[in-house]
Amino acid sequence: MTEIERRLTTDQAGTLTRAFQHHELDRIIPMLWGNLPTRRRIQLTTNLQTIFTHAEQDGVNLLHPPADLHTWLRTPLTDTLRGPGTARPNTINTRYYTLKQMYDHLIREGLLTTNPTAGYPLPPIERAVTPLPSSEDVTVLLSHLERHDPLLHAAATLIYHHALQYTELEALKWNAFDFSRGLLLRPRTETKLSKEALHALQPLLKQAGGPLHTQDSPKPIFPFENRDAFRLPLWRACKMAGIGNISPRELRLCSLRDHAHTPSDVGFVNAESYRRAVKHAEDLAERLTDQ
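Per full-length UniProt numbering, the sequence shown starts with residue 1, numbered consecutively.
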């Protein structure tokens, strides 16, 4: 019989009722959730322990919750060892959804008819954000690529110095460059290339036959078949250079963080969009500093 179909006997329901009266969480969990792996049982206990501790202290029987349950829950859902109101949004949400599931089980067992936690206002989910790589790590990567892989070096340098997106990189044709003026034609703007970017492109330009052969050429500069054809060699290069992984997206954000661009330098036609992108990169940089 599946867990959803399982029903408690009258005696078991009485035992469960007494367990709620005495706040015996270690008895309640196996009766409502059934046989569980140890790790899952420990996780459920952790999620509910603070709620049951407060319920015992306040004389609240969660099987017969008070009418102001939502108000009462504000304290146990947000309490941690650091003090009241210190739980992070994801901790609050995890505790709430475990409690809600407990009440769903009680409804299934016929001990309640409605879920008293329904409609409780929850904080927004807190998304995990990885801090950006340091500018020192980017320098190590570019130096490694310059010595070992001219193609990846040129691609990574364009991203780091001019915040190219991968889709731009993949679509770049030789005829989009004006090497006499050091200009790159992008989908929405014209960008003046840095001396570092021009230097990184020289080995590829020479291999392609020089400016006279490339100025009208529609051939792609970077023959990557797909995103992984760039991302995976870049990942391997990071390992060889002895640094953590730097993805193309992170490299672009590092560009916005580390260089004083004008919007057109990095492909933006809207100054406000550029400002927001820089602010995002700076926020990620602050996370790295804080750790």
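Treat the hints as calculated values from the structure; they're not laboratory data.
Watch out, some of these pointers could steer you wrong.
[To be verified] With a Cα cut of at most 27 Å, we get these calculated BS3-like pairs of lysine-lysine:
1. Lys206 to Lys195
2. Lys239 to Lys192
3. Lys219 to Lys239
4. Lys192 to Lys206
5. Lys173 to Lys192
6. Lys219 to Lys195
7. Lys100 to Lys173
8. Lys219 to Lys206
9. Lys219 to Lys192
Hint check results:
1. A hinted pair counts as satisfied when its Cα atoms are at most 27 Å apart, and lysine 206 with lysine 195 qualifies at roughly 17 Å.
2. The suggested pairing of lysine 239 with lysine 192 is violated, with an alpha-carbon distance near 32 Å, which exceeds 27 Å.
3. Of the pairs offered as hints, the one joining lysine 219 and lysine 239 is violated, with about 31 Å between alpha carbons and a cut-off of 27 Å exceeded.
4. A distance of roughly 20 Å separates the Cα atoms of lysine 192 and lysine 206; the hinted pair therefore holds under the 27 Å criterion.
5. Restraint check: the Cα-Cα separation between lysine 173 and lysine 192 comes to about 16 Å, which is no more than 27 Å; the hinted pair holds.
6. At most 27 Å may separate the alpha-carbon atoms for a hinted pair to count; lysine 219 and lysine 195 meet this at roughly 23 Å.
7. Straight-line distance between C-alpha atoms of lysine 100 and lysine 173 comes to about 56 Å, which puts the hinted pair past the 27 Å bound.
8. Between lysine 219 and lysine 206, the direct Cα distance comes to roughly 14 Å. Compliance with the 27 Å bound is thereby established for this hinted pair.
9. A distance of roughly 21 Å separates the Cα atoms of lysine 219 and lysine 192; the hinted pair therefore holds under the 27 Å criterion.
This entry does not satisfy hints 2, 3, 7, going by the numbered hints stated previously.
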